[in-house]
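Fit chain to chain and form the complex, with the hints in mind.
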Amino acid sequence: MTDPMRIRAQVAGDKATVRVLMAHEMETGQRKDAAGKVIPAWFIQEVSATHNGKPVLSAQWGPSISKNPFMQFSLKGAKVGDKIAITWVDNKGEKRTDEATAS
Amino acid sequence: MNARTVKPGIAALALLACASAGAQTKSSADGIAEYRKMLEDGNPAELFEAKGEALWKEKRGPKNASLELCDLGKGAGIVKGAFVELPRYFADTNKVQDLESRLVSCMEALQGLNAAGISSTPFGRGEQNNVTALATWVAAESRGLKFNLPQNHVEEKRSYEIGKRVFFFRGGTHDFSCASCHGEDAKRIRLQDLPNLTKNPGDGIGFAAWPAYRVSNGQMWGMQLRLNDCYRQQRFPYPGFGSEATIAVSTYMGVNAKGAESIAPSIKR
Chain S
329 MTDPMRIRAQ
339 VAGDKATVRV
349 LMAHEMETGQ
359 RKDAAGKVIP
369 AWFIQEVSAT
379 HNGKPVLSAQ
389 WGPSISKNPF
399 MQFSLKGAKV
409 GDKIAITWVD
419 NKGEKRTDEA
429 TAS
Chain E
200 MNARTVKPGI
210 AALALLACAS
220 AGAQTKSSAD
230 GIAEYRKMLE
240 DGNPAELFEA
250 KGEALWKEKR
260 GPKNASLELC
270 DLGKGAGIVK
280 GAFVELPRYF
290 ADTNKVQDLE
300 SRLVSCMEAL
310 QGLNAAGISS
320 TPFGRGEQNN
330 VTALATWVAA
340 ESRGLKFNLP
350 QNHVEEKRSY
360 EIGKRVFFFR
370 GGTHDFSCAS
380 CHGEDAKRIR
390 LQDLPNLTKN
400 PGDGIGFAAW
410 PAYRVSNGQM
420 WGMQLRLNDC
430 YRQQRFPYPG
440 FGSEATIAVS
450 TYMGVNAKGA
460 ESIAPSIKR
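Residue numbers (this note's numbering), protein chains in the order written: chain S, 329 to 431; chain E, 200 to 468.
Among the hints, erroneous ones may be present.
Straight-line Cα separation of at most 30 Å, DSSO-like style, residue types lysine-lysine; simulated pairs [said to hold, decoys possible]:
(1) E:Lys-457 / S:Lys-395
(2) S:Lys-395 / E:Lys-258
(3) S:Lys-411 / E:Lys-236
(4) E:Lys-363 / S:Lys-360
(5) E:Lys-457 / E:Lys-345
(6) S:Lys-423 / E:Lys-345
(7) S:Lys-407 / E:Lys-236
(8) S:Lys-343 / E:Lys-236
(9) E:Lys-258 / S:Lys-423
Worth flagging that the hints you see were computed from the coordinates, not collected in a lab.
For reference, chain E alone in the conformation it holds in the complex (with noise of 0.2 Å):
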């Protein structure tokens, strides 16, 4: 059986290294691939998930109240379904929320929580892991439904607008911006692939796959920590969490992934 292989390995072998160049950027994507393949199966963002609910249910802060009425956009306390078509339009605070922004705002009203001090309070601290505990269990309830974010209301189109604007706004030392990275199909930083957020990229790609876990510091992101740190690699200042930039930016990607599966909270490199 062996030599019967071994001729048409060295013709493999001869093709190969024609379409070298090629062939290896594709081995290394599926090489990443299989990593968070094999690594899906323990993500540890189901601590994370598992966290997010119990605070979800617990009665915190000066009110001592849980966030079960919690309104993420399809009414109180509903949770299935919320994600994916947030960030939206809210009558009580008559701003366009994210997930995370609009968690502090029921931790704020519901429990009696301080609203700005949550949001000054820098990432992975105090308060913010619990809101990203609390986003990751909410994503988390809409996974495998598909990115539908309402654009009905006029402040929903202005955020989109507003987003767009700041995808494409170039500036800092380095005059990037999101579109540097992200504006066009199979670019690649290093050997992470780059997904074109101007168009739905794909089922759990972009904005379909955070919250994360990154495995490489350990530590849980939401889509806010995500963009901050986007800007930070683009020398631009730190637009802050909850900011209207961030959360713009988000409506942007959101409404550009419609129907994108979310499979959110996924494992990240």
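Chain S extracted, bound-state conformation (with noise of 0.2 Å):
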């Protein structure tokens, strides 16, 4: 079960800004539970972007990002109405994608 996360892309000029909050839970693999076990490690691993379909944007994530991270990044040549999807990818093969149109 993975929850939805928020993407918004503001264009202005020949460019949109995106900024996405993705929900997750971000544990490094490092921290222990009150009963001293090691809590596993479950992290975003690939993140990908697209515009109308198209991949902009590929990156490969580790257990240093944030829990609920927040990404922002801008994007050439986008239109108000155009699409963008974010899909990301954990180490437990989870995986989830949320699309947004450009206003």
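So this is what it looks like as structure tokens:
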């Protein structure tokens, strides 16, 4: 079960600023619980973005990224109404894609 | 241009040295304000808001009902503006309730969930997470509105008086009260400014800032958890979720904050 992302894409001139908030625990695998047992690592490993279906960004993430991460990038040539989709895959193989329309 | 600015630069430095203590506290407070501003753009509280809104509408529990008929004080199902008038007296439970304890009452009455069970669940587990998400969404629906708690019912006045006593009650191993830290202007703990909660501390400060997302531990905190953690820091016994003491202190702070604008859900260090 994954929670939805919040994606906002605002067009200004020939660029759009895309801001993404992802809901994820991002466990490093370094922490221990109250009983002293290591909490298994659980974090987003891959992030990718598409603009009207065309890949525009891909990133490899690790355990040093914060919980509930925020990502921002600017996208050249985006227009109002364009579809921007973000996908993440975590180290357990869980995957989530959400889409937003640029405004 | 450089040569022209050198001299005033030196003068400013000398001035700074004279007023170093005052200037330094100011600049670190400004630094924190700047940090919060930067984080506002991507406040993860929004994720909890979205979750809370979905939970409000979702049919759950043994009665398979949503919370859309929950009366938060302004009538069944009215959410907007409810947050800035809580805690208040509710005739059906015959109690003064804050947002979180009221939500739990609704979850029992409408959805058939076990209120006592939820109240005794530790923060951050099971249904408590849902209560926090719901509270975050309900609070967000009143963003920008001003606090105006009702004080007409005798129970509401009583709650305020109890809250005032609780606020000034000293005890524990450190002989602390809420007022030890929050009873005067311009106090701080390490680099955090402490609001004076015996009066209106200003828009979006103190009672008007929670629920809030805490960046340092990545948790969403409602007022109940905020207060219970205050008690932990005072080395007091844990009053517990939805206890009369925490609701009374909330009433005290909420009434004092009359006219303050709510910015909840906010983001905290």
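Tested hints:
{"no.": "1", "hint": "E:Lys-457 / S:Lys-395", "verdict": "violated, 35 Å"}
{"no.": "2", "hint": "S:Lys-395 / E:Lys-258", "verdict": "holds, 29 Å"}
{"no.": "3", "hint": "S:Lys-411 / E:Lys-236", "verdict": "holds, 28 Å"}
{"no.": "4", "hint": "E:Lys-363 / S:Lys-360", "verdict": "violated, 40 Å"}
{"no.": "5", "hint": "E:Lys-457 / E:Lys-345", "verdict": "holds, 7 Å"}
{"no.": "6", "hint": "S:Lys-423 / E:Lys-345", "verdict": "violated, 41 Å"}
{"no.": "7", "hint": "S:Lys-407 / E:Lys-236", "verdict": "holds, 28 Å"}
{"no.": "8", "hint": "S:Lys-343 / E:Lys-236", "verdict": "holds, 23 Å"}
{"no.": "9", "hint": "E:Lys-258 / S:Lys-423", "verdict": "holds, 26 Å"}
In this structure, the earlier hints numbered 1, 4, 6 are contradicted, and the remaining ones agree with it.
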